[in-house]
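Residue numbers (the working numbering), protein chains in the order written: chain A, 85 to 814; chain B, 10 to 180.
Hints in this document: simulated from the structure, not taken from any laboratory. Treat the hints with care, since some could be wrong.
Below, in silico cross-link-like pairs of lysine-lysine (DSS-like), each with a Cα-Cα straight-line distance of 25 Å or less [unchecked claim]: (1) A:K752 x B:K103; (2) B:K40 x A:K538; (3) B:K47 x A:K538; (4) B:K103 x A:K760; (5) A:K751 x B:K103.
Among the chain A residues that face chain B by a calculated CB cut under 10 Å, a handful are [unchecked claim]: (6) R266; (7) A745; (8) T753; (9) Y788.
Covered stretches of chain A, as calculated for chain B (at least 3 residues, CB under 8 Å) [said to hold, decoys possible]: (10) 174-181; (11) 361-373; (12) 765-778.
Ideal Cβ positions, reconstructed from N, Cα and C, are used throughout, including at glycine.
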Amino acid sequence: MNDASKNETMTFKEQLLEYDRKFRETGCYAGITELKYREDDPLRYESLHTKLRSMTIAAREMARSISASPGVREVGEMVVALYTPEGDAISLSTGIMVHVHTMSRFIKWMIQNGYEESPGICPGDIFANNDAFIGTVQVPDVMVVVPIFYEGELVGWAGTVAHELEVGGITPGGDVYLAQERFTEGLFVTAEKVGYNDELRRDYLIRLERNLRMPIYWMFDDKAKVAANLELRDQVKELIDDVGLDYYKRATREFIEEGRRAQLSRVKQLMVPGRYRGHTFYGHLTEGKPGILPLSDGNLLYSIPLELEVNGDGQMHLDFEGTGSWGYHSMNCTPAGMDGGLFVTLTQSMNYEGKVNDGAWLATDMNLPLGTWTNPDRHTVATATSWALLLPAFGIFQRLLSRGFVSRGFKEEAFVGQVNSPMVEMGGQSQYGDQFGMALFECSAAGSGALGIKDGIDTGYVGWNPESDMGNMEVWEQGIPMLYLGRNITADSGGPGRHRGGTSFTSTWLVHNTDELTIATSEHSSRVFDNAGMCGGYPAPTAHRHFTVRNSNIQQIIDEQKPLPHELGNDPYKSDMERLVEGDMNVIEGPHIDKPLQSGDLFAHSYNGGGGYGDPIERDPLEIVRDVENGYVTAEIAERTHAVVLNHDKERNAWHVDEDATASLRKKTRNGRLNKAVPVEEWIESERERVLERDFVTEVRKMYQDTMGISSRFNEEFREFWRLPKDFVM
Amino acid sequence: MMASYNHDTVRDLIDGRLPWQSTRSIMSQYKDDDRFFKYIDILQERVTFNDPILLPIGEHLYIVAKQGEPQGERVVKCGCGYEFGHYTQNWKLKAAINVRDEEEEIAEIYPGRHSYDPDWMEIREFICPGCATLLEVEAAAPGYPIVFDFLPDLETFYRDWLGQELPAETR
């Protein structure tokens, strides 16, 4: 009996279990121990893969023009993918490739939960999901899938995900920052059949219409997703007409097995086996802010350690042991979300030329300790802003991989990593007088970490979408009651280093034509770095302050034609808002959650830059000149951090390096370092006293109490490092 | 065909001095599988010692096989020759450290609104006691143990991945 006829007699669930068994028994996907088709006729085989990939890309591009959301149209927050009948990813479009395995989990979940019997999986059906405990990253990542039947047999699934700009949660927008439990996260579609006969159900559309602040985005996006899926489905069926069903079924599974093998060999090619370790942190400031529910525990600090074990066979094992418990906040993540983080990294660091599919998932595994934010032990936990913790977490993964690349000599691939970039979300009364809600997705173009051989990307990168685009200001102005006064490079926002981190930008707005604008920014670390530098480079500063001016004299400034505040400016102690505008100035630390703004008020928000690479005093002084002249770095930081002395030619507004003074300053800096520094062993002795006295602020002490309680390994390592008595408790 | 680049190209590439178009072209190609030993040769020319480099583990940091006593011992060295001890121990414990946890020192790098909260976080600079190069920066909560960045499996790497013999340690 060949595979095809055998499948016809099995239920979908039996088929799924059969493939799991084959993998367990052979160690190869679907029991494919030989890449037969690839070896027999590589051109035919590669041609099929190329066609499938181009079909997903074409379907995505087509769908983008159906969507009404600037998140999808401008920023490209969408992906289209093809799956096997068992829900394993075969091929993905460009865009948010996060979802290789998140959508896979959704499809598998339906099969495992008996959807074949009820509600039935039939030709023309449409299923949707945004429940991260089933398979997505967060509520706004709404996925729509359709089964592909060929001559009555289920041969695969077409799936599309888009990030919705409004989900109807407790705060407006998509990443609902104030959600503290599932019940306040917004509208859930929990693996539901939302359409049949290729059409979305009317009652489903009515539900969207009546439960969202701005239904047009989600509704049109869903139509775009259905269109993309149907387009992909019909094209795949035509392709099967050409190549034959047996060939299609075997070849697409060989793609996945090849993806698995490619991942292992890529690790062996680029990395060094061994144990890699790193960590980062995340601060959360909500104490006393309006709208915080009684469940919330006030301010908190997360530590996120990551250990990566690279085995001799190229298998990678990621271990998040030692991180903190889930909490009553929106930043928890699910295993599906963590898969998303894994693929964000793998698709950019390792799978960039091969076959991006579920093969890579089979070649890596993760320990997500139960009860931590990476794997909450109850499904009512909020995950609306899971990127807050997962993006910094997988930024560590990027740095650990990069350590291997540097060791191996592939410095051009070393990348200090992604940084979280806070998003501005808002709602209230629009400039047209209607109710509105929206996530302003310009955060999709922040600064990246540095590379091992060059500076990071300035104002053009985020981890979750390698096609980062901030979108045109004019397009955002159509959707929000604010006018841009400026969008500017934020000087000194990249981490210093021989190669500096990419810089971010700051937007400054004038609230316009509204009586009520509620702004709730999301994914905002406070007081601590949620990124890092590498090999002597420093982390990028965390942009955790918001600037508002209420009751401003902006109209008077305009009437008198005085200078407007277009940016925060280069003085880190006094912003242009403070310098140029009169009114009730407020600087809010952490996420902006405050009373509504109205016409005439001002608001400024900064995004994050990336971490640096290498010792900053090794940076080429000529590069510093370029930085200062173009506003990436201030002359003050050039001198203090990079030890470069510049002279300013005021007439030509040009900067020149004073080479002698620079050489002497760099020498002085080196001497100064050694004069100030102490031997690490000495420092450990003095710090040990502090640890024994538990001399830490509440948030830090609580972080240790939590992580030492939830992880016996961290507890042991902590006590061993500081040589603490066995009965020590924080 | 497998890519391969000459010594000067690899040198300029890792130094970030190759024109961007050439760099990009290399990044888009299949990787050159002979990179590792060319890389080691380039690094070996730059260090002040003769001990053969077994594996770089950061900028200026190398696991070497000692020529002096105990011969063959795999220790971590800075490019300047400063020795940090056996590679299975965290080199950072033998470094010098400067911790930025006071306003003035923080402001040298993170002034005003770029600053962090020293009650929640500190910057730890690990400096080579020999040449004062800044080798690594840790951003950590006060009290967080120093991280051991990388413990390579040298035997597996040389024997199974590179197909080369790893010089033996005497003890």
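For each hint, the structure was consulted:
As the CA atoms of K752 of chain A and K103 of chain B are separated by approximately 23 Å, the hinted pair is consistent with the 25 Å bound. Only pairs whose Cα atoms come within 25 Å are accepted, and K40 of chain B paired with K538 of chain A is accepted, the gap being roughly 19 Å. Proposed proximity of K47 of chain B and K538 of chain A is supported: the alpha carbons are some 21 Å apart, at most 25 Å. A hinted pair counts as satisfied when its Cα atoms are at most 25 Å apart, and K103 of chain B with K760 of chain A qualifies at roughly 16 Å.
The suggested pairing of K751 of chain A with K103 of chain B holds, with an alpha-carbon distance near 23 Å, which does not exceed 25 Å. The beta carbon of R266 of chain A comes no nearer than 29 Å to any beta carbon in chain B, farther than 10 Å, and the hint placing it at the interface is violated. Hint status for A745 of chain A: violated, given a least beta-carbon distance of 18 Å to chain B, over 10 Å. Evaluation of the T753 of chain A hint against chain B yields a held restraint, the C-beta minimum of about 8 Å falling below 10 Å.
Taken as an interface hint, Y788 of chain A checks out: its beta carbon lies about 7 Å from the nearest beta carbon of chain B, inside 10 Å. With 0 residues having a Cβ less than 8 Å from any Cβ of chain B, the segment 174-181 of chain A misses the three-residue criterion, and the hint is violated. Three residues within the 8 Å Cβ limit are the bar, and the segment 361-373 of chain A against chain B gives 6, so the coverage statement holds. Proximity of the segment 765-778 of chain A to chain B, defined as three or more residues with a beta carbon under 8 Å from a beta carbon of that chain, is established by the 6 residues found.
Violated hints, listed in ascending order, are 6, 7, 10; each of the other numbered hints is respected by the structure.
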